[in-house]
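**Q** Residue numbers (this note's numbering), protein chains in the order written: chain A, 1 to 142; chain B, 1001 to 1142.
A few of these clues could be false.
Claimed, not checked - Pairs of lysine-lysine, DSSO-like flavour, derived with a Cα cap of 30 Å:
#1 B:LYS1121 <-> A:LYS71
#2 A:LYS71 <-> B:LYS1099
#3 B:LYS1099 <-> A:LYS99
Hints in this document: simulated from the structure, not taken from any laboratory.
Number of protein chains: 2
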Amino acid sequence: MDSAIKEKMKIYFAASIRGGRDYARYYKKIISQLSIYGKVLTEHIADDKLDDHGEDISETDIFERDTGWLKGSDIIVAEVTQPSLGVGYEIALGESLGKRIVCLFKQQSGNLSAMITGNRKLEVLEYTSVEELPAKLKQIFQ
Amino acid sequence: MDSAIKEKMKIYFAASIRGGRDYARYYKKIISQLSIYGKVLTEHIADDKLDDHGEDISETDIFERDTGWLKGSDIIVAEVTQPSLGVGYEIALGESLGKRIVCLFKQQSGNLSAMITGNRKLEVLEYTSVEELPAKLKQIFQ
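Excised from the complex, chain A in its bound form:
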């Protein structure tokens, strides 16, 4: 992949906001690594000021903005360790649009939904620590 293509790749990163922020430090690392490979449309997910109340714009505006970004993206990378309605919704929406979807799951952190593990259209990458993330993410874009 040459650098011009890399620069144009639009990455939709999906992760829990209102479902809980236990893994926020992983989200930050993932976004900083994904930025090597393309434009991360949802960079605000790493924002420390973003708590489980979410953002100060209307619900409909968030929905329209996020689904618009998702529709325009080239790939969806979803962190699925924290159970989240929004992330599950975004995965199925992306699948219905024929997007490539990669799910990142931190091992030994609970039981992942069969809607993810039993779904052959999704790629699931497991990791055990924040240090492993750069190499795992590199795999996606090789």
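Keeping the supplied structure of chain A fixed, place chain B upon it in accordance with the hints.
**A** Chain B only, in chain A's frame:
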């Protein structure tokens, strides 16, 4: 709606399994009430023996069975209080298939995802106690 139609209505009830079972007693009440109005395809969600490990069949079999039921259903009723990847996935899949989707949310139990609250294609019904559920569910089928 006459009783013959009611008997044939196929209801897909979506609720958290591996996302957590904190609201299992609500799921049981909802399923018993939904059974008044049609055939609940996912009755096993109320099973006390079902913990957050899920069921003893393969992941792919669960995925194929559940999405098959969802595709064949007339209506999706989703309990969305417990954040759950599977429930979010099922809502978006149902939406992509043009299904009617009703989300039940227990008030004051956290912050519901904007993928639900900002989505005009979904109906959201809030409730505050298990006692309120029969009347709320009756509204859906009126």
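**Q** Run the distance test for LYS1121 of chain B versus LYS71 of chain A: straight-line Cα separation, threshold 30 Å.
**A** Cα-Cα ~17 Å, so holds.
**Q** Is it true that the CA of LYS1099 of chain B sits at most 30 Å from the CA of LYS99 of chain A?
**A** Distance ~22 Å between LYS1099 of chain B and LYS99 of chain A Cα, so the pair holds.
**Q** Hey, LYS71 of chain A versus LYS1099 of chain B, does the alpha-carbon distance stay inside 30 Å?
**A** Within the cut-off at roughly 21 Å; holds.
The earlier numbered hints are all upheld by this structure, with none contradicted.
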